[in-house]
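Protein chains in written order, with our numbering: chain A, 435 to 685; chain B, -14 to 67; chain C, 236 to 587.
Since the hints were derived computationally from the structure, they do not count as laboratory data. There could be a bad hint or two in this list.
[To be verified] Pairs of lysine-lysine, DSSO-like flavour, derived with a Cα cap of 27 Å: (1) C/K579 - A/K484; (2) A/K635 - C/K439; (3) A/K448 - C/K394; (4) A/K660 - B/K22; (5) B/K(-12) - A/K448; (6) C/K508 - C/K579; (7) B/K22 - A/K448.
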Amino acid sequence: MPVNVHVDENLIYKRPSSLEDVHTHYCPGCTHGTAHRIVAEVLDELGLQKESIIVAPVGCAVFAYTYFALDGVEAAHGRAPAMATGIKRANPDKIVFTYQGDGDLASIGIAEAIHAAVRGENITIIFINNAIYGMTGGQMSPTTLPGQSTTSSLDGRDSAITGQPMHIAELMASLPGTAYSVRRSLHDAKHTIRAKKAIRKAFQTQIRGEGLSIVELLSSCPTNWKMTPHQSLEWIKEEMLPTYPIGDFKT
Amino acid sequence: MAKGHVIIDIERCKGCDLCIQACPQDVLEFAPTFNHKGYHPAMLVEHDNHCTGCTLCAVACPDACITVYREAPKRKQRMEKL
Amino acid sequence: MSKKLIKGNVALAEAAVRAGCQAYFGYPITPQTELLEHMAIRMPELGRTFLQAESEVAAINMVYGAASSGVRAMTSSSGPGISLMQEGLSYIVGSEVPVVIIDVMRGGPGLGNIQPAQSDYNQLTKTAGHGDYNPIVLAPSTIQEGVDMVTLSFDLADKYRTLVFVAIDGAIGQMMEPAEMPPMQELHPRPEWAITGQGERNEKNIITSIYLGADNLGDFNDKLQAKLRAIEESEVRYEAETVDDAELIVVAFGTSGRVAKSAVHHLRKAGKKVGLLRPITLWPFPSKKLAALADGGTKKFLVVEMNMGQMLHDVRYAVGRDIDVQFFGRAGGSIPMPEEIQEKAMAMLEVN
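Extracted from the complex, chain A is given alone in its bound form (with noise of 0.2 Å):
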C-alpha cells in the first residue's frame, strides 16, 4: 500500500501567506500572476508582511493592492514612485514597493521613475515587462518590439516612426541613486527562481537602505499577443530576449 505521501510534513510548498486568498482578474496563463506570487514569497520568507506596502499602477495590476495582504494603495497612471516617495517618507522604516507595467513606467511615468532613482529613493520598483498596453486591449508600449503588432501598430510598430524600444534596467543603472537594477524573465521555471531571487536581492538591497532597487521582469501578455500561454513564454524566449537581455546592470 503506498504511503500517503500528503501528510502536513511532507509538505514543501503552498501558496504564500502575503498572497490574498482571492481569484485574480489576470487573463489564464499571465505571468502577472507568477511575478505577485514570487513577490509572495519573498516577503514572506523576509518576514516583511506586516511591514510593507505596495503602490499598485495602473494598467493590468491595477487591483494588485486587492491581491496582496498588505496595506495598500493605488498610484494615478505612471506616479507611483512619486507615492511611494511620500509613502515611504512618511514611513521610513516600512518596506515600500511599487508593482508597475511598460506603459505606467516606461511611458506616462518615466520621469517620476527617472527621479525616484536620482533622489535613491529607498524604495523596490517590480517592473512587469510585456511590450504592449495590456487593460486598454493590446496597444503599443515604448517596450513594443520592432515589427511587433499591436492595436496601435497594426502593421508592426515601425521604429521609424515610433522609436527603438526601450531599456529601463540598463536606464535605470545608469543612474547615480540606483543601487540595485536588474532584468529577469518569467518565461519558465528556471528562470522564474532566479527572478525570484533577484528579487529577494533588491528587497534586502531595500532593507539596508542603500538606494533604490528595480528588478525588470519580461512577462507575458497571451491575450493580447493572440497566443496561447505556452506559445506567449516560447514568444519571450525567442522574440523577447535578444532585445532584452537577462543581466545585472546594477549591484
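Given chain A, work out where chains B and C should sit, using these hints.
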C-alpha cells in the same frame, strides 16, 4: 526516487496549461470536468505515482493553485529505525 | 506672541509648519516660491519632510502618498502648477485623503505672467480635476487672515477628509504686513485608516479611488455629495460690512476684497448706502447670505474680481434674475483701484 504529490485548487485554476507543460514527469493533464469559471482545471494523473514533488508545476503556476508534498527519503529510514 | 512684519508667502508657510504639517512636496513657480524656500529651511530644522519634486505632477502624488500615510501633508503652487496637479487632486478627493494646497494665483491663461490675479477661481472651486466634487476653498485678503486660514485648512481637511485650498494671489504672497503667528501644534497622531504597514492591525488598510462596479461608484458619489452638503451647511465664512441698509453691495474676495472695502468706506462717507460682502470661503460659497441680502431689499450688486468674471456667475445664481448684478474686473495681473470701483458703483446707483 522520492515520492511526491500535488493538490491543485481546481476552482482557482484557469486551465492555462503552464503546469502541464512544465511537469518533467508528464503526470498532469486537463481534467475532463469544468470548474465554476468554465475552465478545465489541471489534474494529477496517479496511474503509477510518478510525481516526484519537484515543485516545477508550482513554480510555473501564475495563480499559485498548487500545493506540493514530497516524501523525504531520510524520513523513510528514520521511520524504519523506530 | 507678538506681531512682526512678514512676507505673505513666508507667513503662510510658517503657519503650515505650526499647524503640524509633516510633509511638504513642492516645485518652484512664481509668485509662490518663497513659500517653498521657507519650507526648505524650516521642515528639515524640525526633522520633517521637505522635498522639491521634479514637477507639480510628481509633487501632488508625493503629497497623496504622504497624506495616505496619515501625516499632515501639503504643497503650494500657482495656476499653471495647479493645472498640472488636477488628476492627482481628483484621486485625493476620490479616496478621501486630507490634503492642503496653497495657490498663489497669477495672471493667466497660458504662461500668463507673474502679476497677481484671481483667474483660478473656477479651477479651484469647480474644476479642480475630473468628477463631481468641490474642494473647500479659503480666500484670505490679509496676511494675518492667511495665517489663520492655513491653520484652519488643516483642521477642515482632517475633519472632512478632503482637499482644502488656501487661495491668495501674488500681491498677498509677495507683500509684507504685520502678522501674529499661532503657537506650534503637536504633531497629530495618525488616523486608523492610514497606510503604515499592517503591523499589529488585524485588517490591512487600502487607499484607492477605483470602484469598478457602477453601483459602488454611485454609492461613493452619494457619500461624497452628502459630505459636501454638510460642509455647505456649516463651513461658509464671509465678512459683511454695512450691508443691512445697503442699496448696493460690492462682492469681492482676496485682494479685490480689500480694495472694495476702501471703496465702500469712501462711498459711505459720501453718504451712499453701500455695503461689502467679502466671501472668505469661495467654496462653500455664501449663496444663502447673498440671497437673504437680495430678499432684504438690496437690488444692486457689483462684483469686483481680478479676472474676467468668474465669481460673478455664483453671485448671479445666488441672487436670481431680477436683481441687477454688474461686474468690474481686471485680468492680466493688474489690481482694480478704489476710485474705479466707486465710479462704477455711483453709475449703478444713479440708475433706479
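Subject >> Hint consistency between C/K579 and A/K484 [alpha-carbon to alpha-carbon, up to 27 Å] >> reply: Given pair C/K579, A/K484 is violated - Cα atoms ~66 Å apart, limit 27 Å.
**OP:** Verify the proposed pairing of B/K22 with A/K448, using a straight-line Cα cut of 27 Å.
**Re:** holds, 23 Å
Subject >> 27 Å limit on alpha-carbon distance, applied to hinted pair B/K(-12) and A/K448 >> reply: Distance of about 17 Å is within 27 Å: holds.
Subject >> Hinted pair A/K660 and B/K22, Cα distance within 27 Å >> reply: holds, 21 Å
Original post:
Is A/K448 within 27 Å of C/K394, Cα to Cα?
Top reply: Violated, at about 45 Å.
Original post:
Are A/K635 and C/K439 close enough, with their CA atoms no more than 27 Å apart?
Top reply: Holds - the C-alpha atoms of C/K439 and A/K635 are around 25 Å apart, at most 27 Å.
**OP:** Decide if the proposed pair is consistent with the structure: C/K508 and C/K579, CA atoms, cutoff 27 Å inclusive.
**Re:** holds, 14 Å
In the structure shown, a violation is registered for the earlier hints numbered 1, 3, in ascending order.
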